[in-house]
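Participant: Next come the chains, spelled out residue by residue.
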Amino acid sequence: QKEVEQNSGPLSVPEGAIASLNCTYSDRVSQSFFWYRQYSGKSPELIMSIYSNGDKEDGRFTAQLNKASQYVSLLIRDSQPSDSATYLCAVNSLRTGANSKLTFGKGITLSVRP
Amino acid sequence: KAGVTQTPRYLIKTRGQQVTLSCSPISGHRSVSWYQQTPGQGLQFLFEYFSETQRNKGNFPGRFSGRQFSNSRSEMNVSTLELGDSALYLCASTSGSSYNEQFFGPGTRLTVL
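These protein sequence lines map, in sequence, to chains A and Z.
Heads up, the first sequence is in my numbering, so the first residue is 3 and it goes up one at a time.
Heads up, the second sequence is in my numbering, so the first residue is 1070 and it goes up one at a time.
Rather than coming from a laboratory, the hints here were simulated on the basis of the structure.
C-beta atoms are modelled at their ideal positions from N, C-alpha and C, and glycine is treated no differently.
Any given hint could be a false lead.
Unchecked claim - Calculated pairs, DSS-like style, for lysine-lysine (alpha carbon to alpha carbon, straight line, at most 30 angstroms):
id : chain 1 : residue 1 : chain 2 : residue 2
1  : A       : K44       : Z       : K1082
2  : Z       : K1082     : A       : K58
3  : Z       : K1126     : A       : K69
4  : A       : K69       : A       : K108
5  : A       : K69       : Z       : K1082
6  : Z       : K1082     : Z       : K1126
Unchecked claim - Cβ-Cβ distance ranges computed for the label pairs, FRET-style:
id : chain 1 : residue 1 : chain 2 : residue 2 : range
7  : Z       : F1129     : A       : G18       : 29 to 35 angstroms
8  : Z       : P1077     : A       : G18       : 14 to 20 angstroms
9  : Z       : K1082     : A       : R115      : 36 to 42 angstroms
10 : Z       : I1081     : A       : G56       : 19 to 25 angstroms
11 : A       : A70       : Z       : S1091     : 25 to 31 angstroms
Claimed, not checked - A few chain A residues that don't get close to chain Z, going by computed Cβ distances all over 12 angstroms:
id : residue
12 : V6
13 : F36
14 : E47
15 : R79
16 : D85
17 : R115
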């Protein structure tokens, strides 16, 4: 069974701290990796995508990918109360082309305490 | 650029009825994927349409079907509704040229009574 697993939550951090969200996947051929943020009652919003081993930074967000360990993570620096949401890890077996099926983890709920 | 739109936003149906949900992708996007989100199962892939053809299908019963029109708009249909079909149904739009990044619409909240 091809799966995407995320830490069981919820995760609570103080404002200004670094929040670290982790995700592992079982399908070795996975090529594309995504982090979505979902506020309560809203739809998922794409915040990061990563395809190559290493780090990718975008503002306060850093995605880290290690294909050998089948591990992808999201770091949120200087966490703000507005970052409080559920974060979903998603994986695609292809980088481009004929497969838009994403496999999602169950998500982890982050709470940033003021 | 306008985002993904879905209609209706909320639906209440009774068991045994059928329902049709609509999705308009981002302008220029040719691929539309549908997902079901429930508290217990999370986000699960239903199917994907590209150029009016179903290109991929998840593990859902045949009561769940879809189609795509020449303007890339897509509909999904659920027949003989069951209580367990109550969920948030999400449509995602993909450009097909940007590493399969998917952008979700606001969803349709379906309640089956």
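Participant: All hints, please: hold or fail.
Facilitator: Results for each hint:
Restraint check for A:K44 and Z:K1082: satisfied, since their Cα atoms lie roughly 21 angstroms apart, inside the 30 angstroms limit. With a C-alpha separation of about 44 angstroms, the suggested pairing of Z:K1082 with A:K58 is violated against the 30 angstroms cut-off. For the hint linking Z:K1126 to A:K69, the alpha-carbon distance of about 26 angstroms falls within 30 angstroms, and the restraint holds. As the CA atoms of A:K69 and A:K108 are separated by approximately 20 angstroms, the hinted pair is consistent with the 30 angstroms bound.
Annotation: proposed proximity of A:K69 to Z:K1082 is violated, straight-line Cα distance about 44 angstroms (limit 30 angstroms). Taken as a hint, the Z:K1082 and Z:K1126 pair is honoured in the structure, with Cα atoms around 25 angstroms apart against an allowance of 30 angstroms. Distance hint check for Z:F1129 and A:G18: the Cβ-Cβ separation is about 43 angstroms, which falls outside the suggested range of 29 to 35 angstroms. The beta-carbon spacing between Z:P1077 and A:G18, approximately 41 angstroms, falls outside the hinted interval of 14 to 20 angstroms.
Look at Z:K1082 against A:R115: about 40 angstroms separates their beta carbons, and that is inside 36 to 42 angstroms. Restraint check, Z:I1081 to A:G56: a C-beta distance of roughly 48 angstroms breaks the suggested window 19 to 25 angstroms. The given range of 25 to 31 angstroms is broken by A:A70 and Z:S1091, whose C-beta atoms sit roughly 43 angstroms from each other. Distance to chain Z contradicts A:V6 as a non-interface residue, since its nearest Cβ pair spans about 9 angstroms, not more than 12 angstroms.
Its closest Cβ contact with chain Z, about 7 angstroms, brings A:F36 to no more than 12 angstroms, contrary to its assignment away from the interface. Residue placement check: A:E47 does not keep its beta carbon more than 12 angstroms from all beta carbons of chain Z (closest about 7 angstroms). Separation of A:R79 from chain Z is adequate, the least Cβ-Cβ distance of about 23 angstroms exceeding the 12 angstroms criterion. Every C-beta of chain Z lies more than 12 angstroms from that of A:D85, the closest at about 19 angstroms, which supports listing it as non-interface.
Distance to chain Z confirms A:R115 as a non-interface residue, since its nearest Cβ pair spans about 24 angstroms, more than 12 angstroms.
Hint violations for this structure: numbers 2, 5, 7, 8, 10, 11, 12, 13 and 14, all remaining hints satisfied.
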